[in-house]
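Colleague: Residue strings, one per chain:
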Amino acid sequence: MDFYSFLIQLLNGLQYGLLLFLVASGLTLVFGIMGIINLAHGSFYMVGAYLAFSLAALTGNLLTAVLLGVTLSVLLGMLLEWLFYRHLYARDHLYQVLMTYGLILVFEELRSILWGDDVHGVAVPVFLSGSIPLTDNLSYPVYRLAISGICLLLAGGLYWLIRKTRLGMMIRAGAANREMAQALGINIEWLYTVVFALGLTLAAFAGMIAAPVSSVYPNMGGEVIIISFVVVVIGGIGSVWGALLAAILIGMSDTFGKVLLPEYAGMTTYLLMALVLLWRPEGLFRRT
Amino acid sequence: MAEPLLQATGLHTYYGASHILHGVDFRIGSGEAIGLMGRNGMGKTTLIRSLLGHVQPRRGAVRWRGADITQAAAHRIARLGVAYVPEGRGIFPNLTVKENLIMAARAGLDGRCEWTLERILQTFPRLAERLSHGGGQLSGGEQQMLTIGRALMTNPELLILDEATEGLAPLIARDIWQIIRSIRGCGIATVIVDKNYGALLELVDRCVVMVKGRVVFDDDAARLSDEIVQKYLGV
Numbered sequence: 006m007d008f009y010s011f012l013i014q015l016l017n018g019l020q021y022g023l024l025l026f027l028v029a030s031g032l033t034l035v036f037g038i039m040g041i042i043n044l045a046h047g048s049f050y051m052v053g054a055y056l057a058f059s060l061a062a063l064t065g066n067l068l069t070a071v072l073l074g075v076t077l078s079v080l081l082g083m084l085l086e087w088l089f090y091r092h093l094y095a096r097d098h099l100y101q102v103l104m105t106y107g108l109i110l111v112f113e114e115l116r117s118i119l120w121g122d123d124v125h126g127v128a129v130p131v132f133l134s135g136s137i138p139l140t141d142n143l144s145y146p147v148y149r150l151a152i153s154g155i156c157l158l159l160a161g162g163l164y165w166l167i168r169k170t171r172l173g174m175m176i177r178a179g180a181a182n183r184e185m186a187q188a189l190g191i192n193i194e195w196l197y198t199v200v201f202a203l204g205l206t207l208a209a210f211a212g213m214i215a216a217p218v219s220s221v222y223p224n225m226g227g228e229v230i231i232i233s234f235v236v237v238v239i240g241g242i243g244s245v246w247g248a249l250l251a252a253i254l255i256g257m258s259d260t261f262g263k264v265l266l267p268e269y270a271g272m273t274t275y276l277l278m279a280l281v282l283l284w285r286p287e288g289l290f291r292r293t
Numbered sequence: 692m693a694e695p696l697l698q699a700t701g702l703h704t705y706y707g708a709s710h711i712l713h714g715v716d717f718r719i720g721s722g723e724a725i726g727l728m729g730r731n732g733m734g735k736t737t738l739i740r741s742l743l744g745h746v747q748p749r750r751g752a753v754r755w756r757g758a759d760i761t762q763a764a765a766h767r768i769a770r771l772g773v774a775y776v777p778e779g780r781g782i783f784p785n786l787t788v789k790e791n792l793i794m795a796a797r798a799g800l801d802g803r804c805e806w807t808l809e810r811i812l813q814t815f816p817r818l819a820e821r822l823s824h825g826g827g828q829l830s831g832g833e834q835q836m837l838t839i840g841r842a843l844m845t846n847p848e849l850l851i852l853d854e855a856t857e858g859l860a861p862l863i864a865r866d867i868w869q870i871i872r873s874i875r876g877c878g879i880a881t882v883i884v885d886k887n888y889g890a891l892l893e894l895v896d897r898c899v900v901m902v903k904g905r906v907v908f909d910d911d912a913a914r915l916s917d918e919i920v921q922k923y924l925g926v
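These protein sequences, in sequence, are chains R and C.
First residue of the first sequence? That's 6 in this note's numbering, and the numbers climb one at a time after it.
First residue of the second sequence? That's 692 in this note's numbering, and the numbers climb one at a time after it.
Just chain R, with the same shape it has in the complex (with noise of 0.2 Å):
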């Protein structure tokens, strides 16, 4: 493999691996924080996908069509939040599992009624559509760049978020102790619906900006929970810094897995995940 050809592939995993990132973000805050294990977080991603595949068709441009849905995803996850996931703070992951599996099936329904089950393409908006010429016959696309460009901003803004600002130390403080936080003034309730809202969102967007490189199909958010799971069990279950340390790790053995190891391609994520559990059994780094 030539130096150019080795390029593109660390910059195709470092995407990869960053859109993973924002996904398993939310999934693991919302466990680090709520302690609910979502099985339906995939699905964010795909009505993401969804969104901006109808809102790009309806008003031209996905750039326009990102804003909305984003909108839209705040309002879906303080909706969802309030009429299913708060219910479910006090209970057992068991019945977690159960109604957040319930949850994918009535998804995957409603997107085949409302969309249909036809695999969609999404255009790269014109002033991303380029490419950047490496030699005579490679080149990278200025989309792929974007969407690294942009996860990164996302993940520094998270950690900004979290670590520097009052809503941040709220969270966490909610985190580590529900009641004392309630005894100085903080609603918590209404801090969970906005933790929900923010890791919902974090899926949906990840899905709006992919849409265009993965195309949008039926089942999407099916492939991407699993590997976002393992993510957040590479990285440490709760902590947003270990995810975004195990999505980059996973994006790139799965990107240079399938070039370097073809064969054994759908192994090495899994592989990798064996091995650092065996190494440290509780992932990566602790709770955020």
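Since the hints were derived computationally from the structure, they do not count as laboratory data.
Source: prediction; values computed, not measured.
Built from N, CA and C at the ideal position, the CB exists for glycine as well.
Zero decoy hints are in this set.
Facing chain C, from chain R, some residues (calculated, C-beta under 7 Å):
(1) Arg177
(2) Ala178
(3) Ala181
(4) Asn182
(5) Met185
(6) Gln187
(7) Ala188
(8) Leu189
(9) Gly190
(10) Ile191
(11) Asn192
Okay, the calculated beta carbon distance ranges per label pair:
(12) Glu194/R to Ala758/C: 17 to 25 Å
(13) Thr807/C to Glu184/R: 23 to 31 Å
(14) Gly858/C to Glu184/R: 17 to 25 Å
(15) Leu150/R to Ala758/C: 55 to 63 Å
(16) Pro861/C to His98/R: 42 to 50 Å
(17) Trp87/R to Ala758/C: 23 to 31 Å
(18) Gly722/C to Leu72/R: 51 to 59 Å
(19) Gln869/C to Lys169/R: 30 to 38 Å
(20) Gly722/C to Glu194/R: 26 to 34 Å
(21) Ile231/R to Glu805/C: 48 to 56 Å
(22) Ser117/R to Ser823/C: 51 to 59 Å
Chain C is nowhere near these chain R residues, computed Cβ spacing over 12 Å in every case:
(23) Leu12
(24) Leu85
(25) Asn224
(26) Leu283
With chain R's structure known, arrange chain C on it following the hints.
Modeller: Here is chain C on its own, set in the frame of chain R:
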């Protein structure tokens, strides 16, 4: 008599099927200091949790300046100006000392902001030296200072201290009592639960003694006779 700051009447509180409070009456006026006394398991902490909205009494009413807050959410009651220093401290170990303090900051209800980070750090110089440490890395005494400092950051009208000196070395406990005394000096109403009755009685205006979920004594601290102490507190 002026309207009390906080008044509970006829509280019956249950944990599941167990009946803990049996018709408790409790009141505290602005700036007043009350010693809440009783052996372990007599309902002191349950009374506090009922006042704070952490557990809903099944019968009875809690009023704040005359307004019914019996069903109010805990965070709403806190925002009225009630701060709590719980038994076992309740610091956030995953936040730094500074974060523990500033996450709680709130101006007082009438817009005054008397307790600021600077003033807390003057009062607790040991915290100033450890601002960037994690809350979980502090010693027991420092954690207690942090919890008290954090409660003051909300600029409360009423401060509830549940076993603030429990498990502390005597010298550190003496520091904590000194701090409580200075807090008393600025007119914040306080409810203090503590096993050190000597220090407690020097500080409070009135004593409330609980036995098995009932109030058996509620009067001036000076009237708390040795007989009652022997009988109900077993010292």
